[in-house]
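Chemist: Spelled out, the chains give:
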Amino acid sequence: MNEPRQPLPYWLGTPAAVAMLAFVVLPLVLTLSLSFYPFTGSHIGTQLTGANYASIAGDGYYRAIFLRTFELALVVTALTIAIGVPEAYVLSRLSPRWRAVSMLIVLGPLLISVVVRTLGWAILLGNEGVINRALLATGLVQEPVKMMFTFTGVVVALVHVLVPFMVLAVWASLQKLDPATEQAAETLGAGPWTVLRRIVVPQVIPGVLSGGLIVFALVASAFATPAIIGGRRLKVVPTTIYDEFLGNLNWPLGAALAVVLVVIVLSVSLSVNRGVERRFKQVFE
Amino acid sequence: MSRMPRLLLVLHWLFAAFMLAPLVMVVLVSFTAKGYIALPFDGASLRWYRAILEATDFIDAFKRSLGLAATAATLATAMAVPAGMAIAWYRFKGRDALVALLLSPLMVPNVVLGIALLRFLTQIGGSSTLWGLTAAHTVVVMPYVLRLVVAAATGFDRTVAQAAQTLGASGWTVFRRIELPLILPGVAGGWLIAFINSFDELTMSIFVASAATETLPVKMYNYIANTIDPLLASISTVLIVLTVLLMVALDRFYGLDRILSGKT
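Protein chains in written order, with numbering that gives the first Met the number 0: chain A, 0 to 284; chain B, 0 to 263.
Isolated chain A (complex conformation):
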């Protein structure tokens, strides 16, 4: 490694750092300060106030939106773990050819616009949609099952959008697994389920948790899917921020909602991270 106190690395890092300070850090600081200004119905006042936060905390309307958002985040995270962990394990055991195909199917959608993927779910879930037509045709139901504009519909679409992140995280931790440990267990007489339960699962838990954190944060900040599948009546924090900013033009309140969202997401991530580091110190070497 090179000696410290060289000017070169600072020069190399400067353009990127300046861009981040100017277009990420400064705007975020300004948003934090914006959230402490009053809104008078037409313009932003000048007297500092905590009124925006008071109305978020005091108003049952906003509390319900925050609760719904985090309920959604928990449900979607739990489902992506339930689906993504076995899937990543299967991927690691497939023959190289089938694995390549499966990888394209599982990870490919990540590269396709969320709007396109959500449009697909709108086509599937509508009252006149594919699922309902099939159900009606087979006579399983007498009238269409309402799935658009429901919590369940948003959950299904978000699981589809975000489960690749979970598969990716667990897949990465499975890659680090030493196959010799599994073989040793097998040699000692363990069956496939025992190997899975006692050898594989404990080693991939850090991957599951980091995938879970990514998914949780992404659900809490998801916009397009809840907006299209959930609609007006199933508002979440990001769609509410959108409405405050572009509908009601109440920027200070929108900024305060954003600050609360960031604080909650960051504190969840930090506390889980800290817990993970304590519990799984040995896995991280």
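Do not rely on the hints blindly, as some may be mistaken.
Ranges between beta-carbon positions, derived for each pair [unchecked claim]: (1) Gly-124/B <-> Gly-44/A: 19 to 29 Å; (2) Pro-143/A <-> Phe-17/B: 20 to 30 Å; (3) Arg-273/A <-> Phe-17/B: 26 to 36 Å; (4) Trp-10/A <-> Val-9/B: 55 to 65 Å; (5) Gly-42/B <-> Pro-143/A: 22 to 32 Å; (6) Pro-4/B <-> Pro-14/A: 48 to 58 Å; (7) Gly-124/B <-> Pro-143/A: 47 to 57 Å.
Keep in mind that the hints were calculated from the coordinates and are not lab data.
Backbone N, C-alpha and C fix where the C-beta goes; we use that ideal spot for every residue, glycine too.
Since the structure of chain A is already known, use the hints to place chain B on it.
Modeler: Same frame as chain A, but now just chain B:
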């Protein structure tokens, strides 16, 4: 390797069907001859593909998104390459802070970045301008390039560069003739993933873009918010086909899992 439980294999193919279902639906619906979305339909046609050619506002948005993504990815790469080399090859005071700063857009929800940039750009007179949108996209995609550049530079044998230096090459020559060619796969992969992320970005752009600077995803979102018709399905199908071609190329050169998790 032990055998895989049969149940897991069944679940695997069910999962694959779940992942493909909405995309397949979009593609199927795009071939309808009807004026509305319905499946199954009778009478396939290319009616909605011809309709794309007349939807000049969508074509304009598509071109704008391509230009924006190319510019933002290039600017982000130009800044991330030197920064990534500094982070991978030097231990200096403030290095960890630099890493945290440059990855910070990944920590902040895009909706929050969107309102923050809308407010900021309004104050400095850059709202609803193309340069404001470009700046916003550049910072948002930079972390993706940075991760791949750092990964590529970390696995790089520095003795080659030192040998060149010993033989009298200037710092610039070493960079141009030795370092850049060796980390080029990471740089190119980073540029592509930045391009894709910028092209697909919706949540931040919806705040920063105006009617005059609408990107394709923003245009599509605003359209869906009013009505869902087969035109959107045919446009989406074109996007799916383009993405699949790009994806197969990416997978061949890098492996999708590696490029998406930020390792080369």
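Chemist: Give a verdict on every hint.
Modeler: Hint-by-hint comparison with the structure:
The hint said 19 to 29 Å for the Cβ distance between Gly-124/B and Gly-44/A, and at roughly 22 Å that hint holds. In this structure the supplied range 20 to 30 Å holds for Pro-143/A paired with Phe-17/B, their Cβ-Cβ distance being about 21 Å. Checked against the hint of 26 to 36 Å, the pair Arg-273/A and Phe-17/B passes, with Cβ atoms roughly 34 Å apart. Distance hint check for Trp-10/A and Val-9/B: the Cβ-Cβ separation is about 57 Å, which falls inside the suggested range of 55 to 65 Å.
The beta-carbon spacing between Gly-42/B and Pro-143/A, approximately 24 Å, falls within the hinted interval of 22 to 32 Å. A hinted range of 48 to 58 Å holds for the C-beta pair Pro-4/B and Pro-14/A, which are about 53 Å apart. Gly-124/B and Pro-143/A have their C-beta atoms about 51 Å apart, which keeps the hinted 47 to 57 Å range intact.
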